[in-house]
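Novice: Sequence:
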Amino acid sequence: MIGRVVLSGAALLLACGVAMADPIEGNWKTESGATAQIAPCGGSYCITLKSGKHAGKKIGTFQAAGSSKYTGKITDPANDKTYSGKGTLSGNSLKMGGCVLGGLICRNQTWSRL
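Sequential numbering from 1 applies to the sequence shown in UniProt numbering.
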């Protein structure tokens, strides 16, 4: 009986841990076909490429900015230029954008959850 209670408690804690994960966390397929991982790091979310030509490269840091919205910095792995970044989560799609010149010139991509 005590064993069942302990197992039930452990299962509940595990389920709560999964439920508490931020929706942006996980692996995402970029428009180029690479896999990007978004994971917690130092109170933010770090974006690291896990596959493709630039695998292992950290390409961004975001903070939550409201329901399903994120802001921070995003780096183009091809030229190492860093831009003001934003992300908007909608289901299993993440619209990512990077801007320069105060938002006058922006480039957007939509990533899909893996």
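Warning: the hint list may mix true and false statements.
[To be verified] Computed list of lysine-lysine pairs in BS3-like fashion (alpha-carbon distance at most 25 Å, straight line):
(1) 81 x 58
(2) 29 x 53
(3) 69 x 81
(4) 86 x 58
(5) 73 x 95
(6) 86 x 73
(7) 50 x 69
(8) 29 x 57
(9) 86 x 29
(10) 50 x 86
[Stated by the list, open to error] Label pairs and their calculated CB-CB ranges:
(11) 56 x 102: 15 to 21 Å
(12) 102 x 37: 19 to 25 Å
(13) 42 x 104: 29 to 35 Å
(14) 79 x 46: 16 to 22 Å
(15) 65 x 92: 17 to 23 Å
(16) 50 x 90: 19 to 25 Å
(17) 88 x 27: 26 to 32 Å
(18) 27 x 104: 29 to 35 Å
These aren't lab readings, by the way, just hints derived from the structure by calculation. Beta carbons are placed, not taken as given, at the ideal position from N, Cα and C, and that holds for glycine.
Novice: Each hint should be assessed against the structure and marked as holding or not.
Specialist: The hints, checked one at a time:
For the proposed pair residue 81 and residue 58, the alpha carbon gap of about 12 Å is at most 25 Å, so the pair holds. Distance restraint check for residue 29 and residue 53: the Cα-Cα separation of roughly 14 Å lies within the 25 Å cut-off, and the hinted pair is therefore satisfied. Among the hinted pairs, residue 69 with residue 81 is consistent with the structure: their alpha-carbon atoms are about 23 Å apart, no more than 25 Å. With a CA separation close to 16 Å, the supplied pair residue 86 and residue 58 stays within the 25 Å bound.
For the suggested pair residue 73 and residue 95, the alpha carbons sit about 14 Å apart, so the restraint of at most 25 Å is met. For the hint pairing residue 86 with residue 73, the CA-to-CA distance comes to about 8 Å; that is within 25 Å, so the pair holds. Taking the CA atoms of residue 50 and residue 69, the gap is about 23 Å. The hint holds against a cut of 25 Å. Taking the CA atoms of residue 29 and residue 57, the gap is about 15 Å. The hint holds against a cut of 25 Å.
Straight-line distance between C-alpha atoms of residue 86 and residue 29 comes to about 17 Å, which keeps the hinted pair within the 25 Å bound. In summary, the hint linking residue 50 to residue 86 is supported, as the alpha carbons are separated by about 20 Å, within the 25 Å threshold. A beta carbon spacing of about 32 Å between residue 56 and residue 102 contradicts the range 15 to 21 Å that was offered as a hint. For residue 102 and residue 37, the Cβ-Cβ distance of about 30 Å falls outside the hinted range of 19 to 25 Å, so the restraint is violated.
Residue 42 and residue 104 have their C-beta atoms about 30 Å apart, which keeps the hinted 29 to 35 Å range intact. In this structure, residue 79 and residue 46 meet the distance hint of 16 to 22 Å, their C-beta atoms being roughly 20 Å apart. Taken as a hint, the range 17 to 23 Å holds for the pair residue 65 and residue 92, whose Cβ atoms sit roughly 20 Å apart. Roughly 22 Å separates the CB atoms of residue 50 and residue 90, a value that falls within the hinted 19 to 25 Å.
Between residue 88 and residue 27 the beta carbon distance is about 18 Å. The supplied range of 26 to 32 Å is therefore violated. Separation of residue 27 from residue 104 is about 32 Å and conforms to the stated range, judged on CB atoms against 29 to 35 Å.
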